[in-house]
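Chains as they are written, first to last, in numbering that gives the first Met the number 0: chain W, 0 to 453; chain E, 0 to 440.
Everything labelled a hint here was simulated from the structure, so no lab data went into it. Wrong hints could be hidden among the right ones.
Stated by the list, open to error - Heads up, simulated EDC-like pairs for lysine to aspartate or glutamate below, C-alpha to C-alpha not over 20 Å straight-line:
(1) E:Lys26 <-> E:Glu86
(2) E:Lys348 <-> W:Glu106
(3) E:Lys348 <-> W:Glu37
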Amino acid sequence: MTAAPDIRAGRLAPGEYAENFSDLHAPLDRHEARVAGERCLFCYDAPCVTACPTGIDIPLFIRQITTGNPHGAARTILDANIFGGMCARVCPTETLCEQACVRNEAEGKPVQIGLLQRHATDALMGAGKQPYRRGAPSGRRVAVVGAGPAGLSCAHRLATLGHEVVVYEARPKAGGLNEHGIASYKSVDGFAQAEVEWILSVGGIEVREGQQLGRDFTLVDLRRDYDAVFLGLGLQAVNSLGIADGGLTGIEDAVAFIEALRQSPDLATLPVGRRVVVIGGGMTAVDAAVQAKKLGAEEVTIVYRRGAGQMGASAYEQELAQVNGVVIRHWARPVSVQGEGGALRSVTFTGTRDEGGQLVDTGETFTLPADQLFRAIGQLFVPGDLEGSGDVLDLASGRIAVDAERRTSLAGVWAGGDCAAGGRDLTVVAVEDGKQAALSIDRALLGFVPMAAE
Amino acid sequence: MADLSVNFVGIKAPNPFWLASAPPTDKAYNIERAFRAGWGGVVWKTLGEEGPPVVNVSGPRYGAVHGPDRRVAAFNNIELITDRPLEINLQEITEMKRRWPDRAIVVSLMVPCEEEAWKRILPRVEATGADGIELNFGCPHGMSERGMGSAVGQVPEYVEMVARWCKAHSRMPVIVKLTPNITDIRKPAEAARRGGADAVSLINTINSIMGVDLDRMVPTPHTDGKATHGGMCGPAVKPIALNMVAEIARAPATRGMPISGIGGIETWRDAAEYMALGCGTVQVCTAAMVYGFKIVQEMITGLEAYMDERGYARVSDFVGAAVPNVTDWQYLNLDYAVKARIDQDLCIKCGRCHVACEDTSHQAITHMVNGVRHFEVIDEECVGCNLCATICPIENCITMQPLVNEVDRRTGRFVDGSYSNWTQHPNNPMAKPLEPLEPAE
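Generate coordinates for the entire structure from the input sequences, incorporating the hints supplied.
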């Protein structure tokens, strides 16, 4: 372990990048979609619909595909979920609709709902169709903070209901985690931006990029200037490992790595370690590990403190990591990092075990050589941006407390997506939050007396 | 091992699986391949009169209704009888019979309704050594416009007349092929018998338009923008054909008449069903046109296995065995009652039984029980109609269980195994209580 740390770009031959980062699942062509769709039984009160956070009428849209009406199918999907295209790509369908599919009971194999959804939404968006229209002007203005799935879902629905919407986005580019936070092989060919543009093409939505809450404007400003405010802020910080890192280089946040990769114009310029360790067990850990491998890292190991069953990443995602050559080690947590010349060289772990629900160390240790370490142990909501405004939002479990209609404790302020308490940190949940908040805002603006909050 | 050989009106064949008169039997090349594949017999594609052959369209002749995975559920055609010269067909028939003496070769014929026309062609067919003839009184498209095919089959008097001519001018067994495009199939069958025909074969194809091209606003298939009806066959016609077969098999005037069953036969089971309703042989076309001739190997081995399992040594042991159980509605037992039962271990909880019953029938299946998705039959409402079992995607998940010495909780009536039918029923103004089939309750 005397050699210099090996973190460098261009590990692959030029053509290999495009191949490695191509579409994870090839889209279904018309024949494949029809054969796949014909497996749908058109269930009554279908379990897949119940399992979908946005409540897409899945049996109906699949039936529309099989009858040669993919645009009608897309409309069914998008009516419930305006990000139906992205959700078809990134939803953990294996733990949502496809897990609930009754075909699992029959044959152990669900209908390919995600791929069918993509088939339909691709058909409509590929044809350049925009089936939605801006609603007749209501004269009301709504501020949306955050141009991620929650914010844009809310903005789109509000626009169709006739309200004028201004979206404030801190980053230079809209899209939120769809654009910055998911593995690139799940959203190829600039789909995330194309989808944002398609959503905004409904009209009535102004996006102001580079505008950060707490820096460029305050919640007080928004409450003063608009009839309603929706907060779709996302998460701002990454949990710390809880060990001293000695300021070593090579220790990074997985989300930053994923974002850099998504925004990189040339993957051959992106450095990656020869030996990479990822700490964590969620989708971010898998996305970072698999992409590190695809960038040419020789050894990539995910280390998770509990077992496979407790990992936030679904069994499918775990398998995806493994077939891509990532090693997953369970029941271990990092206790120290070792470096040389200010650079990371290895990570030492202790074994763990579950004792009556408590995680305890076994005392056994092992050390993995590592050029690069990615933290992927969850993200945090930082309420700091909301402070100093004079308006105080109630929090729950460290995130913004909302009721069933996504109303916060402040009158006229709604919130949704990852910044809101009670969610599941999924795109599809954020989309539903935005949609429900928009409907609630609309009712409030049109003077319906809202039901008392829970 | 069961013996599949048949002797159908004197025509012998190693098995009852024959290819029907249709494109697959148009020439020696196909017949050679069919016999090599194992078909027991063929009915040569219909020959017409000497002279310039008929002319077919040079374009689509077939249409279909597709089921899931583009399985052909129904098929139709607008092809006419053979468009090859008569003499070539006769030479090939002769050659094929010489090469395959153990297989049945029946020749389908269609000439104008004039005795001379039949007198001209019959000796020439007989000279080929063919085993018999089948009179094509069924083709419902093209030829019928010229007074042949189904135009003859729809007039019992013509059927009788031509059958009589054929028996008078030929020693060959005569099979009359019936058209289903008629109100009462028994009438032409009776006519065929009166005319001396040895057997009937049915059904020929059904008048049909398979679909409409909604872009061009023309039915499919079309010829240069215009379409005509075709003749439909394939799996979808099997129930229609089975009923017609059964009608002939049980009618007093035609009972016992040999029948060659045709219509949607794809598997050994389809064939066995026709045979149970009285068919001594079966004829296949669509399945061969969809899958090729090899399907006969499944049919042969499947029928053998079935017969071995049931202890039928030869085909005649079960031909017609189901005929006595076909009756009129009025004789069905109105005292009999069943209830649907859902096997909860097999149930995949798709909910289709519930919504079918709830929306369209008797509201007799639950959806939620104690807040849990659960599908169970409500005996107080279930009339035993079989809709749920029929539409359930899982085989044998829903079964119909007869009530035996117990109260039907819908009607409150004690079901004791008694029999009474509509002819005896008090609600029937025409009831004849003095002549019940069984002692009244």
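Verification of the supplied hints:
1. A distance of roughly 12 Å separates the Cα atoms of lysine 26 of chain E and glutamate 86 of chain E; the hinted pair therefore holds under the 20 Å criterion.
2. As the CA atoms of lysine 348 of chain E and glutamate 106 of chain W are separated by approximately 13 Å, the hinted pair is consistent with the 20 Å bound.
3. Taking the CA atoms of lysine 348 of chain E and glutamate 37 of chain W, the gap is about 18 Å. The hint holds against a cut of 20 Å.
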